[in-house]
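Asker: In case you want the letters, here they are:
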Amino acid sequence: MSIRERLSGNEAIAVAMRQINPDVVAAFPITPSTEIPQYFSQFVSNGQVQTEFVAVESEHSAMSACIGAQAAGARTMTATSANGLALMWEMLYIASAMKLPITLSCVNRALSGPLNIHNDHSDSMGARDSGWIQLYSETNQEAYDNLLQAIRIAEHKDVQLPVMVCQDGFITSHAVENIELLEDEKVKEFVGEYKPDHYLLNHKEPIAVGPLDLPAHCFEHKREQAQSMINAKKVILEVAKEFEKLTGRKYEYFEKYNLDDAEIAIVIINSSAGTAKTVVDKLRDNGIKAGLLKIRMFRPFPADEIAEALKNVKALAVMDKAESYSAIGGPVGAEVKSALYGKADGIKVLNYIYGLGGRDVRADDIEEVYNSLMDIVKTGQIGEIYRYVGVRG
Amino acid sequence: MRGKAKEMTPEVTWQEITPGGTIYEPGNAEGYKTGDWRSMRPVWIEEKCTQCMLCPPVCPDTAIPVKDSKRLDFDYDHCKGCGVCFKVCPFDAIDFIKEEDKEE
Chain A
2 MSIRERLSGN
12 EAIAVAMRQI
22 NPDVVAAFPI
32 TPSTEIPQYF
42 SQFVSNGQVQ
52 TEFVAVESEH
62 SAMSACIGAQ
72 AAGARTMTAT
82 SANGLALMWE
92 MLYIASAMKL
102 PITLSCVNRA
112 LSGPLNIHND
122 HSDSMGARDS
132 GWIQLYSETN
142 QEAYDNLLQA
152 IRIAEHKDVQ
162 LPVMVCQDGF
172 ITSHAVENIE
182 LLEDEKVKEF
192 VGEYKPDHYL
202 LNHKEPIAVG
212 PLDLPAHCFE
222 HKREQAQSMI
232 NAKKVILEVA
242 KEFEKLTGRK
252 YEYFEKYNLD
262 DAEIAIVIIN
272 SSAGTAKTVV
282 DKLRDNGIKA
292 GLLKIRMFRP
302 FPADEIAEAL
312 KNVKALAVMD
322 KAESYSAIGG
332 PVGAEVKSAL
342 YGKADGIKVL
352 NYIYGLGGRD
362 VRADDIEEVY
372 NSLMDIVKTG
382 QIGEIYRYVG
392 VRG
Chain B
2 MRGKAKEMTP
12 EVTWQEITPG
22 GTIYEPGNAE
32 GYKTGDWRSM
42 RPVWIEEKCT
52 QCMLCPPVCP
62 DTAIPVKDSK
72 RLDFDYDHCK
82 GCGVCFKVCP
92 FDAIDFIKEE
102 DKEE
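Residue numbers (the numbering used here), protein chains in the order written: chain A, 2 to 394; chain B, 2 to 105.
A few of these clues could be false.
[To be verified] Mimicking BS3-like on lysine-lysine, the simulated pairs with C-alpha atoms at most 30 Å apart in a straight line are:
#1 A/Lys196 x B/Lys7
#2 A/Lys257 x A/Lys235
#3 A/Lys158 x B/Lys7
#4 B/Lys5 x A/Lys223
#5 A/Lys223 x B/Lys7
#6 B/Lys5 x A/Lys158
#7 A/Lys223 x B/Lys34
#8 A/Lys205 x B/Lys5
#9 B/Lys5 x A/Lys196
These are calculated hints, taken from the structure and not from any lab test.
Can you build the whole structure from these sequences, using the hints too?
Answerer: Okay, here's the thing in structure tokens:
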């Protein structure tokens, strides 16, 4: 029997970490993820976990300590947001290139500037090419479930990559909602023990990690790393199936909401999907064939599956809670359009930027997007494809 | 999979190479001859050397071998020519010359 609780997203992550009981946590506080290491350090002080908690002096140091600890053979976790993630930047690439299955809870916040502590996805979207697997979470439940699965995905022999589990700052991280937790023993059994084949503290096999890698070999290492990301697709589904058996909660690459017969649809990530679902319900009540696709797995990117899921849609809006300053749209828009090319041509695709810097995303905003899609279907005219919604002016 | 440094030949494929470049044996730096980076060259003047032992510990590349409590001539396979030993020697027993001026 699972445990019914009421927790914020940050509490849910901290509880998951307590149940995972990692060997090392190295973290530095930054709003809105601060509570995660704060709650977790209480578990350490109370003796509820056996974790070595490293209170570092910066996020660069946090990720550096995670890399050292994971290479030593320790299961290692951390949490951060926004500029904290940005300060980890060079170490994110090193963690993935060294094939270290670190797990990071990213509580999405706008990356300064202008200085802003509220939610958008500019932090993790900026890290999308750092070689980390990225899972996104609509609710506290999904954040909890994704983190438990992240351990298994990261440490799988065919993957060995770090995983970032993202949730929306404040909206999810600080809102208390109902949640179903697994019992401690079940989590322990599900995540198992971390048993790397090669690790620095193994006195029987001294090894060298992170050596100089010149043109004769670096290219081969990058290709090997790319294969791990390709392999992760299969592993993510396998782990999800096992998790479903344990919990009854089903996870895939993305969630389809009223999508199968939809004529108009939006693609969206994280908490705003909840708002958008209520709009879909309202439109459906009015006989409008509206649907939604919520991306859970952004890295690796499920291009073929997304093209298949969207192929019958007439007009589509891809929602981006981050700019990429390409002057043609945001990062999710670029990926989705690239996925559709040659596989689901003819769909009229808009790319909306929404909710930057924590601008409230209301049902009305989402409805405005669906209304634009309806106009496109009706008139056949698409107009400007790179749009903003919810901005004044 | 190839895991030893000597197995990492220029022919090794991506399928055979170790994840993250990890080498499954220690002491690999010795196999990488950094001496060819050198533009300046320390020269040991044995007759002036008092064997005071100030120079071996300051060498960042362990390129001053020591045997029976006495330093030997430089290990030019690994000396990068930084000149720290030349700076530290109180007896002018180490000269520091341009690599191209070395006596053959």
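Asker: For each hint, tell me whether it holds in the structure or not.
Answerer: Outcome of the hint check:
Between A/Lys196 and B/Lys7 the alpha-carbon distance is near 27 Å, which keeps this suggested pair within the 30 Å criterion. Simply put, A/Lys257 and A/Lys235 have alpha-carbon atoms about 19 Å apart, close enough for the 30 Å limit, and the pair holds. Annotation: proposed proximity of A/Lys158 to B/Lys7 holds, straight-line Cα distance about 25 Å (limit 30 Å). Restraint check for B/Lys5 and A/Lys223: the C-alpha separation of about 19 Å stays at or below 30 Å, so the hint holds.
About 20 Å separates the Cα atoms of A/Lys223 and B/Lys7, which keeps this hinted pair within 30 Å; it holds. This hinted pair checks out: B/Lys5 and A/Lys158 have alpha carbons roughly 20 Å apart, not beyond 30 Å. At roughly 25 Å between alpha-carbon atoms, A/Lys223 and B/Lys34 fall within 30 Å of each other, so this suggested pair holds. Between A/Lys205 and B/Lys5 the alpha-carbon distance is near 15 Å, which keeps this suggested pair within the 30 Å criterion.
Restraint check: the Cα-Cα separation between B/Lys5 and A/Lys196 comes to about 21 Å, which is no more than 30 Å; the hinted pair holds.
Comparing the model with each numbered hint stated earlier shows that all of them hold.
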